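A.B. asks: Sequence:
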Amino acid sequence: MILLIIVIIVIIAVIMWAVSTSNRFKVLLVKINEADSGIDVALNKRYDTLVKLMEVVKAYARHEVETLSEMVKLRSGMGIAEKEQAEIKMHEVTDRINVIAEGYPELRSSENFRQLQDAIMESEDHLQAARRVYNAGVSAFNQAIAVFPASIIAGRAGYTPKDFFETGSEKRSDVKINL
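One point on numbering: in numbering that gives the first Met the number 0, the residue at position 32 of the sequence shown is 31, and numbering is uninterrupted.
For the record, the hints were derived by calculation from the structure and aren't laboratory data.
The list that follows gives simulated cross-link-like pairs (lysine to aspartate or glutamate, DMTMM-like), each with its CA atoms no further than 20 Å apart: (1) Lys-44 / Glu-123; (2) Lys-161 / Asp-35; (3) Lys-88 / Glu-123.
Quick caveat, the model's predicted, so the values are computed rather than measured.
Construct the complete structure from the given sequences, taking the supplied hints into account.
C.D. replies: What follows is the structure in structure tokens.
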């Protein structure tokens with residue numbers, strides 16, 4: 000009888016641990032999704048600022064701005080790989096805008112242009128912070144599903160490691176903004 004009670008207590012403890020572990024994985028996934036949304040917000044803010052900056056540049060260089068028409072349009076539901084590509088594309092567009100601005104001193108001295116460049120720098124900071132939060136969440140999740148004995152629950156539930164948000168090596172430096 001005592002053995003039966005001990006077995007029941009052990010089974011209940013194991014079930015409670017499994018449920019608790021599964022719930023912890025779900026909480027970590029929610030945090031990752033929240034951070035992913037933060038990246039979306041930062042990318043959209045950056046995109047909107049670049050569009051406004053392009054409008055200012057168009058007034059000075061209508062014929063040259065056609066090269067900027069490849070701007071990536073952000074849509075919700077992009078995966079991390081697509082977001083990484085969108086970020087790279089926006090860096091390229093920013094670089095092109097700066098090259099155009101170098102040829103037009105009156106554009107660089109425009110208050111509107113300067114404010115938009117400041118807004119781009121602010122959105123870069125926001126995006127960097129969002130990436131850090133996302134990657135911290137991914138790290139916590141990947142660690143949680145990798146350690147024993149939680150890895151048993153993770154494997155049975157089908158949890159797999161998440162990808163980190165990485166910036167291409169060519170874009171690891173700051174955006175060059177020439178005033």
